[in-house]
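Order-wise, the sequence lines are chains S and H.
Going by numbering that gives the first Met the number 0, the first sequence opens with residue 0, and the numbers climb by one from there.
Going by numbering that gives the first Met the number 0, the second sequence opens with residue 0, and the numbers climb by one from there.
Heads up, a few of these hints could be off.
Said to hold, decoys possible - Example chain H residues on the side facing chain S (calculated, C-beta under 7 angstroms, incomplete):
| hint | residue |
| --- | --- |
| 1 | I2 |
| 2 | N200 |
| 3 | L261 |
| 4 | Q312 |
| 5 | E315 |
| 6 | P318 |
| 7 | D329 |
Claimed, not checked - Simulated crosslink set (DSSO-like; lysine-lysine; CA at most 27 angstroms straight-line):
| hint | chain 1 | residue 1 | chain 2 | residue 2 |
| --- | --- | --- | --- | --- |
| 8 | H | K151 | S | K322 |
| 9 | S | K322 | H | K152 |
| 10 | S | K322 | H | K322 |
| 11 | S | K231 | S | K151 |
| 12 | H | K152 | S | K152 |
| 13 | H | K322 | H | K231 |
| 14 | S | K231 | H | K322 |
As the list claims (entries may be wrong) - Label-pair distances were calculated between CB atoms; the ranges are:
| hint | chain 1 | residue 1 | chain 2 | residue 2 | range |
| --- | --- | --- | --- | --- | --- |
| 15 | S | P319 | H | E40 | 33 to 39 angstroms |
| 16 | S | R334 | H | E107 | 56 to 62 angstroms |
| 17 | H | S355 | S | G232 | 33 to 39 angstroms |
| 18 | H | S355 | S | E310 | 41 to 47 angstroms |
| 19 | H | R334 | S | P347 | 24 to 30 angstroms |
| 20 | S | G320 | H | G111 | 38 to 44 angstroms |
| 21 | S | A324 | H | G186 | 22 to 28 angstroms |
| 22 | S | S355 | H | S288 | 38 to 44 angstroms |
| 23 | S | S288 | H | S288 | 28 to 34 angstroms |
| 24 | H | S282 | S | G149 | 37 to 43 angstroms |
| 25 | S | E47 | H | D285 | 50 to 56 angstroms |
| 26 | S | G320 | H | S288 | 42 to 48 angstroms |
Don't read these hints as lab results, they were simulated from the structure.
Each residue gets a CB set at the ideal place from its N, CA and C atoms; glycine is no exception.
Protein chains: 2
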Amino acid sequence: MDINGTHYRTIWLEDDGWSVGIIDQTLLPHEFSTARLTSLEETCVAIETMQVRGAPLIGVTAAYGLALALRSDSSDDAMFQAIQRLTATRPTAVNLQWALERVRKAVEKLTGADRISAAYAKASGLAEEDVSACARIGRHGAELIYEVAGGKKDQPVQILTHCNAGWLATVDWGTALAPVYRAHDAGVPVHVWVDETRPRNQGAALTMWELMAHGVPCTLVVDNAGGHMMQKGLVDLCLVGTDRTTRRGDVANKIGTYLKALAARDNGVPFYVAAPASSIDWSLDDGMSGIEIEQRSSEEVTQVIGRNNGEVQAVEIAPPGAKAANFAFDVTPARLVTALVTDRGVCPASREGLFSRFPEHAA
Amino acid sequence: MDINGTHYRTIWLEDDGWSVGIIDQTLLPHEFSTARLTSLEETCVAIETMQVRGAPLIGVTAAYGLALALRSDSSDDAMFQAIQRLTATRPTAVNLQWALERVRKAVEKLTGADRISAAYAKASGLAEEDVSACARIGRHGAELIYEVAGGKKDQPVQILTHCNAGWLATVDWGTALAPVYRAHDAGVPVHVWVDETRPRNQGAALTMWELMAHGVPCTLVVDNAGGHMMQKGLVDLCLVGTDRTTRRGDVANKIGTYLKALAARDNGVPFYVAAPASSIDWSLDDGMSGIEIEQRSSEEVTQVIGRNNGEVQAVEIAPPGAKAANFAFDVTPARLVTALVTDRGVCPASREGLFSRFPEHAA
Chain S
0 MDINGTHYRT
10 IWLEDDGWSV
20 GIIDQTLLPH
30 EFSTARLTSL
40 EETCVAIETM
50 QVRGAPLIGV
60 TAAYGLALAL
70 RSDSSDDAMF
80 QAIQRLTATR
90 PTAVNLQWAL
100 ERVRKAVEKL
110 TGADRISAAY
120 AKASGLAEED
130 VSACARIGRH
140 GAELIYEVAG
150 GKKDQPVQIL
160 THCNAGWLAT
170 VDWGTALAPV
180 YRAHDAGVPV
190 HVWVDETRPR
200 NQGAALTMWE
210 LMAHGVPCTL
220 VVDNAGGHMM
230 QKGLVDLCLV
240 GTDRTTRRGD
250 VANKIGTYLK
260 ALAARDNGVP
270 FYVAAPASSI
280 DWSLDDGMSG
290 IEIEQRSSEE
300 VTQVIGRNNG
310 EVQAVEIAPP
320 GAKAANFAFD
330 VTPARLVTAL
340 VTDRGVCPAS
350 REGLFSRFPE
360 HAA
Chain H
0 MDINGTHYRT
10 IWLEDDGWSV
20 GIIDQTLLPH
30 EFSTARLTSL
40 EETCVAIETM
50 QVRGAPLIGV
60 TAAYGLALAL
70 RSDSSDDAMF
80 QAIQRLTATR
90 PTAVNLQWAL
100 ERVRKAVEKL
110 TGADRISAAY
120 AKASGLAEED
130 VSACARIGRH
140 GAELIYEVAG
150 GKKDQPVQIL
160 THCNAGWLAT
170 VDWGTALAPV
180 YRAHDAGVPV
190 HVWVDETRPR
200 NQGAALTMWE
210 LMAHGVPCTL
220 VVDNAGGHMM
230 QKGLVDLCLV
240 GTDRTTRRGD
250 VANKIGTYLK
260 ALAARDNGVP
270 FYVAAPASSI
280 DWSLDDGMSG
290 IEIEQRSSEE
300 VTQVIGRNNG
310 EVQAVEIAPP
320 GAKAANFAFD
330 VTPARLVTAL
340 VTDRGVCPAS
350 REGLFSRFPE
360 HAA
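Isolated chain S (complex conformation) (with noise of 0.2 angstroms):
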């Protein structure tokens, strides 16, 4: 998407053919940076660093670590050694061990300028793959823009969004934003409430950032609002990202999301959520007892980042000494989705309506 007019992807080959360019997310939205990763360690510590986040964005990203692995060393022994290193970076990003096995199974039969080249090319078309996900994600799902701006003559069609499932996370549209900047580009008016998204805060610092920078009209409100707005007629639909979806149409999503489900529900607020077919576990049917919750370190919660001075600081916010709990995501009910928004279409939130858009999975 545009940077104040200009088009960026957040992951990108350099013009010297060999080297990749990636957006320093660590900065945000405090500076805006670029980086450049001319090795397999670099590019282990951006993920590790979290320079590069977002599961598809992580995934596109090793699959490049591995081709500039093999740059220096194309042997079956340097591969392997760089999958195992590179999958080490984020055990838990399913998405990542994905990626790199389809790097390798395209290389696995060449070797040296061939088995590199093939890397390379591996490496860009899933970024390729993961754009045009994305931007039918953005068609899909603008649609469902499009129905309630045909209610509201010209006033902006009113959007709640939590977290960041904006093109930061992926290589380029985003997932939940997609419909929003495809709506936004075809002049249909749209203005998003942002999330700010404690404790990581990525709705304040990435999501507010992403939508400015692309001219889309936003506003932050902290997490405990969105109830009252949709009480007060202030949301029209909310639009979310998941990290894994269930095959029932339960939603792994940032803590906070099923509160935000909850308040829809209440409130006669329709709730997608944009599930691109990666997002989508298809051994698993119950999200509430089937997904483990991971915990994260007590400091995310007692203390804030942000800048003072022209400088990023962290501000411990609670007594010294005060403990905390740190639950980093929650799944929100098949029952309170109005539908998903895949990249292969809109359905219903459950193993019928999933089926209908990817037979190939039905049972």
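Following the hints, position chain H against chain S.
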């Protein structure tokens, strides 16, 4: 309650017999400091800047503010202007108007020094009334905790609270936390999950501080977490305060309360609201349409205050120029409230329930 072994209230008459001492709550939990109010204007600023906050405490502070105003000009004109000025400081809390009305009635037929001393006497009387009302809420509410404790053997009763409805929000004891202190002091094991309560973080700053100071086990969580915790059976009951309760039992409280009430209902967790008589607006039925919701400055959302190397600082969490909206309260409809804990006992959140405890208000 005690702070490091010394008993404090949140507000008191200073030894000079006319100026008013308060705890400056804007500095907590980073610094414990008191302030001295010597005029109407200082009192209004203390309320507006939330050096004092919490509906019951605001009411008592406003009463003292009116006494301070009369001390400098005891005319009817000055009195009405002071009431107007004080009423405008915080539009949502009903206690403020109620307290001012009580003082006005106590002094309207008096003049000069008699009027001034009667105003001080009434302000002190309101403070004592608040302490005893909170103590009664503590006794009644503790019974609800004991009921749960009976089924938990020696496991702590898990209580979720939002914002600060502790002794810092009142003159002493608190409303929602009074039953917690009562149970804890009686040796019944309790543990409190404390919502941080963005944007002003009263949970992280005030509730954690006062519970830790009293030795009550407590854990800070982000506002997003409560739904997940209720899904996972980690919460036995919710207990929150109220800024305004309508006669049918709708409850206006800190933004985000409604979301927790929805999660409690969805998971069969009791949702109790500690409602002192002073919080009840007998003139109002429908809280959804009838209660004005205060909107505060966007800086409270785009900035977070905390300490860094011993210094209290505000850090910016959003991109420069980010728009933010800041709704301070929401309304939880009576249907989501399991019961009200009033100073006259526990009752259903309904007209019949409230009239059973306050028959003098029955039509």
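Do the hints match the structure? See the list:
1. I2: Interface hint status for I2(H): violated (12 angstroms vs cutoff 7 angstroms).
2. N200: At about 5 angstroms, which falls below the 7 angstroms cut-off, the nearest Cβ of chain S leaves the hint on N200(H) intact, so it holds.
3. L261: holds (4 angstroms)
4. Q312: The hint holds - Q312(H) has a Cβ within 7 angstroms of chain S, the shortest such distance being about 5 angstroms.
5. E315: holds (5 angstroms)
6. P318: holds (4 angstroms)
7. D329: Result: holds, 4 angstroms to nearest chain S Cβ.
8. K151(H) with K322(S): holds (23 angstroms)
9. K322(S) with K152(H): holds (24 angstroms)
10. K322(S) with K322(H): Roughly 32 angstroms separates the two Cα atoms, so the pair is violated.
11. K231(S) with K151(S): holds (16 angstroms)
12. K152(H) with K152(S): violated (60 angstroms)
13. K322(H) with K231(H): Outside the cut-off at roughly 35 angstroms; violated.
14. K231(S) with K322(H): With a Cα-Cα distance of about 19 angstroms, the restraint between K231(S) and K322(H) holds, given a limit of 27 angstroms.
15. P319(S) with E40(H): 33 to 39 angstroms: Holds - the Cβ-Cβ distance for P319(S) and E40(H), about 35 angstroms, lies within 33 to 39 angstroms.
16. R334(S) with E107(H): 56 to 62 angstroms: holds (58 angstroms)
17. S355(H) with G232(S): 33 to 39 angstroms: Distance hint for S355(H), G232(S) holds at roughly 34 angstroms.
18. S355(H) with E310(S): 41 to 47 angstroms: violated (59 angstroms)
19. R334(H) with P347(S): 24 to 30 angstroms: About 28 angstroms separates the Cβ atoms of R334(H) and P347(S), which means 24 to 30 angstroms holds.
20. G320(S) with G111(H): 38 to 44 angstroms: This hint is violated: roughly 53 angstroms between Cβ atoms.
21. A324(S) with G186(H): 22 to 28 angstroms: Since A324(S) and G186(H) have Cβ atoms about 25 angstroms apart, the given range 22 to 28 angstroms holds.
22. S355(S) with S288(H): 38 to 44 angstroms: Check passed, 42 angstroms falls within 38 to 44 angstroms.
23. S288(S) with S288(H): 28 to 34 angstroms: Violated: the Cβ-Cβ distance is about 41 angstroms, outside 28 to 34 angstroms.
24. S282(H) with G149(S): 37 to 43 angstroms: holds (41 angstroms)
25. E47(S) with D285(H): 50 to 56 angstroms: holds (53 angstroms)
26. G320(S) with S288(H): 42 to 48 angstroms: Between G320(S) and S288(H), where Cβ atoms are some 44 angstroms apart, the hint holds.
Of the numbered hints stated above, those contradicted by the structure are hints 1, 10, 12, 13, 18, 20 and 23, listed in ascending order.
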